[in-house]
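S.K.: Full structure from sequences and hints, please.
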Amino acid sequence: MKVTVKLFAALREEMGSREFEQDLAPGSTVQELLDWMLEEYPALRPYVRSLHFALNHKYVTRQTELHDGDEVAFLPPVGGG
Amino acid sequence: MEKKTKLFEITDQEISSDEVVGRLADPAIGAVIAFVGVVRGETDGREVRYLEYEAYPEMAEGTLCQIGAEIRERWKTIQQVAIVHRVGRLDVGEISVVIALSAAHRPEVFDAVHYAIDRLKEIAPIWKKEVWSGGAEWRSEA
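These protein sequence lines map, in sequence, to chains B and D.
Each residue of the first sequence is one higher than the last, beginning at -15 in our numbering.
Each residue of the second sequence is one higher than the last, beginning at 388 in our numbering.
The hints are simulated quantities; they were obtained by calculation from the structure and are not laboratory data.
Errors might be hidden in some of the hints.
In silico lysine-lysine, BS3-like type, Cα no more than 25 angstroms apart, as pairs [unchecked claim]:
(1) B:42 to D:508
(2) D:516 to B:-14
(3) D:393 to B:42
(4) B:-10 to D:463
(5) B:-14 to B:42
(6) B:-10 to B:42
(7) D:393 to D:508
(8) D:508 to B:-10
(9) D:463 to D:393
(10) D:463 to D:508
M.R.: This is the structure we're talking about:
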C-alpha cells in the first residue's frame, strides 16, 4: 500500500522535502512508518520525541494503523499566534 | 460581488481586523471582541527582522473550526467565532492572526477570546520561524 507523508517546519527543512509517497506493508502503523524514516534519515532522530501525528487531517497516536491512500503528517511542536 | 463568509481561514494575504469582525455581522449581536496578534520586533532581547509562518492548511482550518465549536459549547452565549491566520513572510507590525467573537451581551467574551488564543497556540498546525540578523529559529510554546 502507498501513503503520502507530509513534513513541516524544522522537519521539512531537515528532510529538504515537503511531501513524499511511501510504500508500506499492509497493516503498518504510524510508528512503523516513523521507524522506517529514522532508519533512512538518522538526522530526524532529535525531532522524534516532540513529534505529533495527523492522519487525514486529524491528530492520531503512533499506534494508529494506516491504509492505502492515507495522508500522514509529521508535526513538530506547533506555535501559531 | 460575492460576500466573504468563511469564518475559519488560513491565508497568505494581509489581514484586516475590521474585515474579520465584519464577517460576524448580525442584528442579534450586541458585542464583538477581536484579538489581533501582531509581529513583535523583539524576542528574548533579540531584534527580529521578520517572521515566517507555515501551516498545514487543509488541517489547520478544521482545527480552527474545532476551536470555534469548543467555545460555543463552553460559553453558550457566544454567537459566532471567526479565526483568520496568515502564513508566509510577515514583517514587524503586521497582523498574524485575528480572532473575533460575537455575543448578544458583553459577559464571557473576554474569557472566551483568552481560551481561543491559548487553544490556537496549543493545537493548530501552524509554525513560526523567527529570523534575526545572523540566525533563525522555529519557535513553539512547548
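S.K.: Look at each hint and say if it fits the structure.
M.R.: Structure-based check of each hint:
{"no.": "1", "hint": "B:42 to D:508", "result": "holds (17 angstroms)"}
{"no.": "2", "hint": "D:516 to B:-14", "result": "violated (32 angstroms)"}
{"no.": "3", "hint": "D:393 to B:42", "result": "holds (21 angstroms)"}
{"no.": "4", "hint": "B:-10 to D:463", "result": "violated (37 angstroms)"}
{"no.": "5", "hint": "B:-14 to B:42", "result": "holds (19 angstroms)"}
{"no.": "6", "hint": "B:-10 to B:42", "result": "holds (13 angstroms)"}
{"no.": "7", "hint": "D:393 to D:508", "result": "holds (21 angstroms)"}
{"no.": "8", "hint": "D:508 to B:-10", "result": "holds (20 angstroms)"}
{"no.": "9", "hint": "D:463 to D:393", "result": "holds (21 angstroms)"}
{"no.": "10", "hint": "D:463 to D:508", "result": "holds (23 angstroms)"}
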